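Protein chains in written order, with this note's numbering: chain A, 27 to 527; chain B, 35 to 282; chain C, 85 to 508.
No wet-lab data here; the hints were simulated from the structure. Warning: the hint list may mix true and false statements.
What the hints assert, rightly or not - These stretches of chain A come out as covered by chain B in the derived footprint (C-beta under 8 angstroms, 3 or more residues): (1) 343-350; (2) 475-484.
Said to hold, decoys possible - In silico DSBU-like cross-links for lysine-lysine, where the CA-CA straight-line distance does not exceed 30 angstroms: (3) B:K134 / A:K471; (4) A:K500 / C:K137; (5) A:K189 / A:K306.
In this text the structure is predicted, and so the values were computed from the model without any measurement. For every residue, glycine included, the Cβ atom is placed at its ideal position computed from N, Cα and C.
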Amino acid sequence: MTEAREDLEKLVKREYSAGFVTDIETDTLPPGLSEDVVRFISAKKGEPEWLTEWRLKAYRHWLTQPHPNWAHVHFPQIDYNAISYYSAPKSQADGPKSLDEVDPELLRTYEKLGIPLHEQALLAGVKPDPDLPVETAAGNLGGQVAVDAVFDSVSIGTTFKAKLAEAGVIFCSISEAVKDYPELVKKYLGSVVPFTDNFYATLNSAVFSDGSFVYIPKGVRCPMELSTYFRINAQNTGQFERTLIIAEEGSYVSYLEGCTAPMRDENQLHAAVVELVALKDAQIKYSTVQNWYPGDENGKGGIFNFVTKRGACIGANSKISWTQVETGSAITWKYPSVVLRGENAVGEFYSVALTNNYQQADTGTKMIHLGRNTRSTIVSKGISAGHSENAYRGLVRFSPSAANARNYTQCDSLLIGDRCGAHTFPYIESGNASAMVEHEATTSKVSDEQLFLCQQRGIDAEKAISMIVNGFCKDVFRELPMEFAVEAGKLLEVSLEGAVG
Amino acid sequence: MLEVKNLHASVAGKPILNGLNLAIPAGEVHAVMGPNGSGKSTLTNVLAGKPGYEVTDGEVTFNGQNLLDLEVEDRAHAGLFLAFQYPTEIPGVSNMEFLKAAIDSQRKAQGEPAISAMDFMQQARAIAKRLDLNPEFLKRGVNEGFSGGEKKRNEILQLLMLNPKLAILDETDSGLDIDALQVVSDGVNAFRAPDHSVLLVTHYQRILNYVKPDRVHVLARGQILRSGDASLAQELEARGYGWITDAA
Amino acid sequence: MTTMSADTQTFIEHALARSEQLDQEQPGCRKLREAGRTLLGGGLPEGRFEQWKYTRITPFYDPAFAAAEAAPASAGDKKNLVQWPQQRVDLQLPDAAHNAAPAQNLPDGLTVVSFNEADEQTRPLLDQYLNLGIDPDRHTLNPINMALLADGLLVHVAADTRIDPLLSLTSLAGGLPASCQRLLLVMAPGSRATLLEVADHQLPRNLVVEIHLGRNARLDHTRLQPASEHNVWQLLHCRIDAGAQYHFNGYAMAGTPHRNEIHLQFIGEQAEAYLRGAFMANGRGRLDHQMCIEHQAAHCRSEQQFHGIALDKSELTFNGRIHIHQHAQQTDARLSNKNLLGSDSAKVNTKPELEIYADDVKCAHGATVGQLDAEALFYLQSRGISTEEARRMLLHGFVGSVLPDDDAFGIGDHLNQVLDQWLG
Numbered sequence: 027m028t029e030a031r032e033d034l035e036k037l038v039k040r041e042y043s044a045g046f047v048t049d050i051e052t053d054t055l056p057p058g059l060s061e062d063v064v065r066f067i068s069a070k071k072g073e074p075e076w077l078t079e080w081r082l083k084a085y086r087h088w089l090t091q092p093h094p095n096w097a098h099v100h101f102p103q104i105d106y107n108a109i110s111y112y113s114a115p116k117s118q119a120d121g122p123k124s125l126d127e128v129d130p131e132l133l134r135t136y137e138k139l140g141i142p143l144h145e146q147a148l149l150a151g152v153k154p155d156p157d158l159p160v161e162t163a164a165g166n167l168g169g170q171v172a173v174d175a176v177f178d179s180v181s182i183g184t185t186f187k188a189k190l191a192e193a194g195v196i197f198c199s200i201s202e203a204v205k206d207y208p209e210l211v212k213k214y215l216g217s218v219v220p221f222t223d224n225f226y227a228t229l230n231s232a233v234f235s236d237g238s239f240v241y242i243p244k245g246v247r248c249p250m251e252l253s254t255y256f257r258i259n260a261q262n263t264g265q266f267e268r269t270l271i272i273a274e275e276g277s278y279v280s281y282l283e284g285c286t287a288p289m290r291d292e293n294q295l296h297a298a299v300v301e302l303v304a305l306k307d308a309q310i311k312y313s314t315v316q317n318w319y320p321g322d323e324n325g326k327g328g329i330f331n332f333v334t335k336r337g338a339c340i341g342a343n344s345k346i347s348w349t350q351v352e353t354g355s356a357i358t359w360k361y362p363s364v365v366l367r368g369e370n371a372v373g374e375f376y377s378v379a380l381t382n383n384y385q386q387a388d389t390g391t392k393m394i395h396l397g398r399n400t401r402s403t404i405v406s407k408g409i410s411a412g413h414s415e416n417a418y419r420g421l422v423r424f425s426p427s428a429a430n431a432r433n434y435t436q437c438d439s440l441l442i443g444d445r446c447g448a449h450t451f452p453y454i455e456s457g458n459a460s461a462m463v464e465h466e467a468t469t470s471k472v473s474d475e476q477l478f479l480c481q482q483r484g485i486d487a488e489k490a491i492s493m494i495v496n497g498f499c500k501d502v503f504r505e506l507p508m509e510f511a512v513e514a515g516k517l518l519e520v521s522l523e524g525a526v527g
Numbered sequence: 035m036l037e038v039k040n041l042h043a044s045v046a047g048k049p050i051l052n053g054l055n056l057a058i059p060a061g062e063v064h065a066v067m068g069p070n071g072s073g074k075s076t077l078t079n080v081l082a083g084k085p086g087y088e089v090t091d092g093e094v095t096f097n098g099q100n101l102l103d104l105e106v107e108d109r110a111h112a113g114l115f116l117a118f119q120y121p122t123e124i125p126g127v128s129n130m131e132f133l134k135a136a137i138d139s140q141r142k143a144q145g146e147p148a149i150s151a152m153d154f155m156q157q158a159r160a161i162a163k164r165l166d167l168n169p170e171f172l173k174r175g176v177n178e179g180f181s182g183g184e185k186k187r188n189e190i191l192q193l194l195m196l197n198p199k200l201a202i203l204d205e206t207d208s209g210l211d212i213d214a215l216q217v218v219s220d221g222v223n224a225f226r227a228p229d230h231s232v233l234l235v236t237h238y239q240r241i242l243n244y245v246k247p248d249r250v251h252v253l254a255r256g257q258i259l260r261s262g263d264a265s266l267a268q269e270l271e272a273r274g275y276g277w278i279t280d281a282a
Numbered sequence: 085m086t087t088m089s090a091d092t093q094t095f096i097e098h099a100l101a102r103s104e105q106l107d108q109e110q111p112g113c114r115k116l117r118e119a120g121r122t123l124l125g126g127g128l129p130e131g132r133f134e135q136w137k138y139t140r141i142t143p144f145y146d147p148a149f150a151a152a153e154a155a156p157a158s159a160g161d162k163k164n165l166v167q168w169p170q171q172r173v174d175l176q177l178p179d180a181a182h183n184a185a186p187a188q189n190l191p192d193g194l195t196v197v198s199f200n201e202a203d204e205q206t207r208p209l210l211d212q213y214l215n216l217g218i219d220p221d222r223h224t225l226n227p228i229n230m231a232l233l234a235d236g237l238l239v240h241v242a243a244d245t246r247i248d249p250l251l252s253l254t255s256l257a258g259g260l261p262a263s264c265q266r267l268l269l270v271m272a273p274g275s276r277a278t279l280l281e282v283a284d285h286q287l288p289r290n291l292v293v294e295i296h297l298g299r300n301a302r303l304d305h306t307r308l309q310p311a312s313e314h315n316v317w318q319l320l321h322c323r324i325d326a327g328a329q330y331h332f333n334g335y336a337m338a339g340t341p342h343r344n345e346i347h348l349q350f351i352g353e354q355a356e357a358y359l360r361g362a363f364m365a366n367g368r369g370r371l372d373h374q375m376c377i378e379h380q381a382a383h384c385r386s387e388q389q390f391h392g393i394a395l396d397k398s399e400l401t402f403n404g405r406i407h408i409h410q411h412a413q414q415t416d417a418r419l420s421n422k423n424l425l426g427s428d429s430a431k432v433n434t435k436p437e438l439e440i441y442a443d444d445v446k447c448a449h450g451a452t453v454g455q456l457d458a459e460a461l462f463y464l465q466s467r468g469i470s471t472e473e474a475r476r477m478l479l480h481g482f483v484g485s486v487l488p489d490d491d492a493f494g495i496g497d498h499l500n501q502v503l504d505q506w507l508g
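Sequences are here, hints too, so could you generate the full structure?
Next comes the structure, spelled out in structure tokens:
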């Protein structure tokens, strides 16, 4: 019984593989938050007055908000004046002419992140030739993927712009979008997540520094996967990116997001906002592999990942699908949600959340059914190991107008070891008699019998655990784009190291 | 191939095996029979190295190696296979994925490259067919929702795929109808070879009509009380275990 | 709590004054009241917070609880709600207007005494068990009961004794503008009894039932709570020691509003609890049911099955929490909550929660909210049954599947009558 356990214990102790720090010159604001800081950020980005005012309104509102304490997570109070709200790599401003001139540290960063070389050039801000044929790419993410990278607070560059432009797709940093497409930004920014939404979303509205902007015109199927890599690099900085995706009538887009951060002893704050808007017959598929630094095996350091993600299915027959694999962060606090307004709209949430050591996750979704015949599916798989705490928190709400709405929720927890916690807090509110909700949850463990069977067939304990956990997560991995599914499987394997204690 | 000398083992501090001796030469099929609670499953689990079974005395050599020193998976790599009495379910992990991982880990231990997906599938399909299993069966989760008979046939499928040196069958015949018993026995007979041995642990003589043993041993009170040829099994069937256990 | 409203502050002041007054009149429950006053002195919560997300808490701070003067007595409406067995012991909960009825013809091994009349034999039981293990943060209205309790009832079943007659618990109505009541039932190791509780709430009430099941004790507890026009809060707190068995069957109809809190604690190994029940609401009725099963010991088993029906403009809230502590390995805990919505103006909120800190456990919960099975309706109609009749039959069936096994008290008949009346 204990032998297998001890084996497992020995296995682990692998270190966070994305935990490198990039040593480059940055243009960083000293720590502290005030109206001046908000104005500085807005001015630095050359924003129009309405946006500066919007930020200031958010900041003033934020000052009146108490810190939320309802989640099943515990952490010391954050000193918001000890955080720097703006940090940009200097090399971007200098505008290197070729890869040779690019800060080699930055290039190495991308290499470690697995971003193909010619895309690295684009990301590093090398000016010309933005659209090399894909075939010449030194590496490939498994198909055509356009990448926007956000490094600390600033979007470094976006690839495949011209190719996307041919299809009419806009994919750029939100700062550029503010300059180039002010009407779109003005119309939709804050339309799904208003600046009054919650403590962190309000903070983000005041100080967001960059993020990605996507616009898919009517009837267009985006010709490639769009992808953003987020990375927090500088010390004592927060990252507050803002993503806005608009899918016009009959359009389709699949968007991937990956996150890493260096290993640091102190906690770093990441408070992003993502807004999705799907009009009639439009579909948005949003996938996340979140691998922020989780802290060390004693719970020191790691990212506080306090994120607000919400999609609005405004039009009839629209569909928004969230898929997430959460293995990183010291604390994860996020509930990617869908407001189902249009008739027959569909919302989906597929989630794997794995916590190990002293990580804490409080994650889930909200499906707000307003329209007739709206449908939603929730599949959540939580895996707790070590001393971690893993909670699913979800809300399914049928308003009286949601005739014939349907929800199906499956919520499973897997425990590895007896020092961790697995929790389920599903809120179900139904106000329509013809609507139907079905919720099921189970809790199980990786049993000694399963481990023994695998080992008797020659499979070692580490591989066996990873196989069992992958099997447990299969329903979610199926929903991920291919290249992400592979990455997700590997991530679980790494994150589980030393999982049994 | 397998030599067990003076084996003492206990479970949760309670002695179950009390000086068991057993030797199985290469190429032979040995049946170990005994009443309930005689220590049959303890013997198979100790040989496979299941956690929770404590060896307090004695030794076991397997092809010259000290078996008791090896980890569970190393015993498998050395060629020891246990067909479980109650095969465990692993939800979400497909049979195919599981089998391939098992084969590759064993090949890796022998310094061989991983099996190609093509070869693997061809082999698996052929063996599944022989065992009267629908190939769809390979895609299902390991033992997940399998009937009792399917679980046992799945054990034999793994036996034939992994092709070990020693197969230990723990009450593989229990819970099988006559057709399934025939299929499973055919599988075991197909495994028989000059360099393969079988340790067949069973409560009933039934399976021995299909798999002819070279030797039959009677296990009771944690010891082998009597050994003989195949006719001993028939005698047990006719007279029960009492005449041996009482005499000892 | 720093921003308590003036009304709540006034309520607390009056409650504290009334509590001290009770110390003069009824010295028996002094210790409990003192503890209650300390808690009340810390303030009372307001607004919406997690445990009071769907029901407003302030209406339960009813000034009537702190009023000293008696209201005109209204004779309790002695509806024949259940079939009372001949063989029974009638237990009446005392309050400021009613003394405990003197216990007569008690079977051997059964002790019944009011808190105020406890003697040397029974006082140690009060000292040991009263208010034991009740979390004031979770059961926020218990301090009001503690501070304003005039008298309570202690029932003790001796070790290894089986009480055959039914223990039947009722509350007298009238005499007061509002009343706080409390039962402490202590089942010594190896004892066995059956408790029927018919709560006919004719006035605002704050009721606490505490049950302590000793090792290997068994209690069969049935509770019927008819609809009431008054605010009712009640807490059932049950501690279950090793090997004990608790069978609970609870049926509640909505009030304006009703709030039921049930908290079970497994404190010894291999104990079992089986809970079943139905909640029904019509009109503008509101019922908020909060379950918490706390597994603090290993190898215990809990099974819960609750069905809810919300008609008209009513609102049902169900919160079913299973909390498994780190050492409660080999726990087997299950919860099922199914709800039917009878109209688009009715509402159901349900939250089956799991909070798990042990890995070797089997836990599952399920919840559904929907309407009557359309297939089943169609099937009945195709056999010539009218829509109304088919609906009625299916609702009876829905309630019928969570009735007590033998339904000796005819609760099923009563619930069906109520449903038929509601459906018109």
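*At a Cβ distance under 8 angstroms, does chain B reach at least three residues of the segment 475-484 of chain A?*
holds (count 9)
*Holds or violated: the segment 343-350 of chain A covered by chain B, criterion of 3 or more residues with Cβ-Cβ distance under 8 angstroms?*
That given contact is violated, which follows from only 0 residues of the segment 343-350 of chain A lying within Cβ reach (below 8 angstroms) of chain B.
*asked:* Given the hinted pair K134 (chain B) and K471 (chain A), is their Cα-Cα distance within 30 angstroms?
replied: Holds, at about 24 angstroms.
*Does the structure keep K189 (chain A) and K306 (chain A) at a Cα separation of 30 angstroms or less?*
Holds. K189 (chain A) to K306 (chain A) sits at ~25 angstroms (cutoff 30 angstroms).
*CA of K500 (chain A) to CA of K137 (chain C), is that 30 angstroms or under?*
Roughly 35 angstroms separates the two Cα atoms, so the pair is violated.
Hints 1, 4 from the list above are not met by this structure, while the remaining hints are.
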